[in-house]
Amino acid sequence: MNNNINVFGIHTQAMALRARRAEVLATNLANADTPGYQARDLDFAAVLAGEGAEGAMLTTDARHLGGVDPDFSYALRYRDPLQASLDQNTVDVQAERAAFTDNAMRYQASLTFLNGRIRGLLSALRGE
Amino acid sequence: MSLFNIFNIAGSALNAQSLRLNTTASNMANANSAASSSGKTYRAREPVFEPMLADALDPNGGADAGVKVMGIVESQAPLRHEYQPGSPLADADGYVYLPNVNVVEEMANMISASRSYQTNVEVMEASKRMLQQTLALGQ
Numbered sequence: 001m002n003n004n005i006n007v008f009g010i011h012t013q014a015m016a017l018r019a020r021r022a023e024v025l026a027t028n029l030a031n032a033d034t035p036g037y038q039a040r041d042l043d044f045a046a047v048l049a050g051e052g053a054e055g056a057m058l059t060t061d062a063r064h065l066g067g068v069d070p071d072f073s074y075a076l077r078y079r080d081p082l083q084a085s086l087d088q089n090t091v092d093v094q095a096e097r098a099a100f101t102d103n104a105m106r107y108q109a110s111l112t113f114l115n116g117r118i119r120g121l122l123s124a125l126r127g128e
Numbered sequence: 129m130s131l132f133n134i135f136n137i138a139g140s141a142l143n144a145q146s147l148r149l150n151t152t153a154s155n156m157a158n159a160n161s162a163a164s165s166s167g168k169t170y171r172a173r174e175p176v177f178e179p180m181l182a183d184a185l186d187p188n189g190g191a192d193a194g195v196k197v198m199g200i201v202e203s204q205a206p207l208r209h210e211y212q213p214g215s216p217l218a219d220a221d222g223y224v225y226l227p228n229v230n231v232v233e234e235m236a237n238m239i240s241a242s243r244s245y246q247t248n249v250e251v252m253e254a255s256k257r258m259l260q261q262t263l264a265l266g267q
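Those sequence lines, one after another, are chains Y and G.
Okay, so the first sequence: first residue is 1 according to this note's numbering, each after it adds one.
Okay, so the second sequence: first residue is 129 according to this note's numbering, each after it adds one.
Read the hints as simulated data drawn from the structure, not as lab findings.
Some hints could be false.
[To be verified] Below are the SDA-like pairs computed for lysine to any residue, each with C-alpha atoms no more than 25 Å apart in a straight line:
{"#": "1", "chain 1": "G", "residue 1": "K256", "chain 2": "Y", "residue 2": "F8"}
{"#": "2", "chain 1": "G", "residue 1": "K256", "chain 2": "Y", "residue 2": "A109"}
{"#": "3", "chain 1": "G", "residue 1": "K256", "chain 2": "Y", "residue 2": "D102"}
{"#": "4", "chain 1": "G", "residue 1": "K256", "chain 2": "Y", "residue 2": "H11"}
The task is simple: from the sequences and hints, build the whole structure.
Okay, structure coming up:
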């Protein structure tokens, strides 16, 4: 019974990605008034495709631990601005706030799934 | 990489925006400070922001950069020149020099700075909630 590695499914990676995305979006919001700053975001599809490809660490030995690039830097993309300002700043505060809230909700969704999973396992362990 | 870093990022933005509010307050306070020569007259000031890491503008650089104030620039707009022969600061022709502060512009700047400040506080609140719920995981 060695399936404990996959108990939490994709949610551990999803939470790492969501935490990183929150950081990138917070950077965009912090630089909303910085001249020349280009807003960035993580490309979810690139991360999903990148698992096991360029994003993953190489495991050339059975004892190596696999893992993904914690910064997800390979999935960073510049945002296509709806309307850039004259000072070349491409942060759209409303869009960034919406994305930040969306990201926080998805993080919570992963947390809820994990909590349910843990509760299920605990009740199975207790056998009550 | 962690949610804790968001506090550094949003904190740097709070710092920069409060400095912007400070310069706005200083400009408004000195909007009518007369002087006897153009060299001694107060000029409207404005901070210039830049990303905290130099490589934040580099496509392959890290994205976790806060913001910092690169410097404060003085407005190059012409000073106001008013005829006030009764003023002790008036020059030989009876004129005094007044700052080039545009009060309407400063008001708009103040609102913009306080909204940006508010946005970053909300970012911190949201990250705090995310962290607290993560810490309570499985309880």
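Hint check results:
1. K256/G with F8/Y: The given pair, whose Cα atoms are some 23 Å apart, holds under the 25 Å limit.
2. K256/G with A109/Y: holds, 16 Å
3. K256/G with D102/Y: Measuring from Cα to Cα gives roughly 16 Å; hence the hint holds.
4. K256/G with H11/Y: With Cα atoms ~20 Å apart, K256/G and H11/Y stay inside 25 Å; holds.
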